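Kindly generate the complete structure, drawing on both the sequences and the hints.
Protein chains: 2
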Amino acid sequence: MNDDAVFKALADASRRQLLDRLYERNGLTLNALCEDLDMSRQAVAKHLAILEEANLISSEKHGRVKLHFINAVPINGIAERWINKFERRHLNALSALKKALEDEGGQ
Amino acid sequence: MNDDAVFKALADASRRQLLDRLYERNGLTLNALCEDLDMSRQAVAKHLAILEEANLISSEKHGRVKLHFINAVPINGIAERWINKFERRHLNALSALKKALEDEGGQ
DNA sequence: TTGACAGGCAACCATTTGGTTGCTTATAAA
DNA sequence: TTTATAAGCAACCAAATGGTTGCCTGTCAA
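Chain order of the listed sequences is A and B.
Letter by letter, the first sequence follows residues 1 to 107 of UniProt numbering.
Letter by letter, the second sequence follows residues 1 to 107 of UniProt numbering.
Keep in mind that the hints were calculated from the coordinates and are not lab data.
All values reported here derive from a predicted model rather than from experimental measurement.
Check the hints yourself; a few may be wrong.
Heads up, the list lumps identical chains together, so a pair's fine if it works in one copy or across two of them.
Claimed, not checked - With a straight-line cut-off of 27 Å between C-alpha atoms, the simulated DSSO-like cross-links for lysine-lysine are: (1) Lys85 - Lys66; (2) Lys46 - Lys8; (3) Lys85 - Lys8; (4) Lys46 - Lys85.
Quick look at the structure:
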């Protein structure tokens, strides 16, 4: 729940791109994430480490491959605690609705 | 509307703190923003320049003082375009409600 | 009109960041 | 049991970042 790490992790376009890739297809390997990324594998690995440190992704090792999964919790946390602040007028109604949707929809 | 500039601007804790100060009291001068910030005036000025570059604040010069105003638009833009992506399940309902509230409440 | 005060400009500095290359380790397949 | 493949480790590098100090400019008030 370290806001600073999350903001710093999101500050880099390459890392946001990695998140995008994982968003559209979750559970990719390091090598898969490298494809057409115009960056060395090691550079990507570093970015992934930063994202994982910020808890924006998690990973599982299966044999010699490592799968990467996006984690929406910190990003939603920031949206909740920080960004929505700037639309306080709507916050109450919005979070009430969200809660209702979550309660109703499960997860 | 440059996402990258906004993310980069938000990546620094001092800058987020400055936005916090402007959020709780808008229209502060540079010197006012410096108070108990344990940083030189010039450092603060640089941060403000970065925030202004990212369109997160605007400023007006009145005589020899310069007033700084927070601008929620880019932050809401990011929340809309990027962050809500990670809660797509709710997006439709949420944005519909937002729109309704805005139409109803005026700006 | 002359201080005092708000802010701007520019040079400089240490550290962090984003990237590289080269080599090693571990697992899967021939 | 080799060999190829996925990933990790470490050293290194240039550029960006966050900060400093010193001095300049412009405006208000005594």
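With identical chains, the pair Lys85 and Lys66 could be close in the same copy or across copies; at 27 Å between alpha carbons, which is it: within, between, both, or neither? Result: close only across copies, 25 Å inter versus 37 Å intra.
As a check of your reading, is Lys46 near Lys8 (CA-CA no more than 27 Å) within one copy, between copies, both or neither? Answer is both: 14 Å inside a copy and 18 Å across each meet the 27 Å cutoff.
Given identical chains, is Lys85 near Lys8, meaning Cα to Cα at most 27 Å, within a copy, between copies, both, or neither? Answer is both; intra-copy 19 Å and inter-copy 19 Å each pass.
When no copy is named, should Lys46 and Lys85 be tagged within, between, both, or neither for a Cα gap of at most 27 Å? between (32 Å within a copy, 24 Å between copies)
In the structure shown, no violation is registered for any of the earlier numbered hints.
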